[in-house]
Amino acid sequence: MKPAPFDYHAPSTIEEAVGLLAELGEDAKAIAGGQSLVPMLALRLAAFDHLVDLRRVAGLRGVERRDGSLWIGAGTTQAAIQRSAEVAEAVPLLARATPLIGHFQIRNRGTVGGSIAHADAAAEYPAVALALDARLEAFSPRGHRTIPAARFFTGLWSTDLADDELLTGITFPARGPRSGFAVEEYARRHGDFAIAGAAVAIGLDAGARIRHCGIGLFGLGPTALRASAAESAVTGSAAAEVPPDDVGRTAMAELRSVPSDLHGSADYRRRVGAAMVARAWQKALREASDG
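Under UniProt numbering, the residues of the sequence shown are numbered 1 to 291, in order.
In case anyone wonders, no lab produced these hints; they're calculated from the structure.
Straight-line C-alpha distance at most 20 angstroms; calculated EDC-like pairs for lysine to aspartate or glutamate:
#1 K29 to E16
#2 K29 to D7
#3 K29 to D120
If you anchor each label on the Cβ, the simulated ranges turn out as follows:
#4 A240 to A174: 23 to 33 angstroms
#5 A162 to R189: 30 to 40 angstroms
#6 R142 to D290: 42 to 52 angstroms
#7 G176 to A240: 19 to 29 angstroms
#8 S237 to E23: 46 to 56 angstroms
Where is the CB? At the ideal position from N, CA and C, for every residue including glycine.
Between the sequences and the hints, there should be enough to build the whole structure, so can you do that?
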């Protein structure tokens, strides 16, 4: 199949891009790398009268250290993130999740902002953003605003972004001392969407107690989720006394609606999800303990 007809727009500035989105309204859609949107258009699962191409927009790409955090422009490709030594050092969870995204051809064009704004339930980046308490920067004709990751993902392929808003950048906290990170997922084949996965960040205090932790889940609901109850249950505990399997079971117990499809039943996804959380927890904790 081929996409329905549409008008193509190629703005060169952020202001021009959001101006077009505001003018054209709900009939317009921003497109970055197109690795998620183009297949949906080709299969006619989505149709828009106007596409606003962001590839030429200045100011949407780059990696910068800012006040103890790392800012990444929304238009930065996943391949650039994978190659970045600065990302690997400051935000290792993001760097480790990137090779799991599709294949290298997809990562060459796919962008960090496109993946997060698309909000696919099985995508890695939204779960990483949740686990790390990322801050998402949006711009519209009304000006700038910052959205915490916890409030950004609202449902299946939906976010807190308004129709005339553009995701311009993501700020991740830089890695602190005695911290560990891991991402684990299960897919039928490498590059397939994950049946279930977990992104885990752990910080320990001087007494080897869990100072803070973040557990992001993907493939286990209508959107990426945060395992808040599991995090609360272990925060303040001695790291050595927390059984990883218990963390996995607690994370799954708080899920209200787990998808069931041809790839696996809800019960199967819960079992796989618990195992992914436990594995990621063990790896992240080992790294944090090693200092």
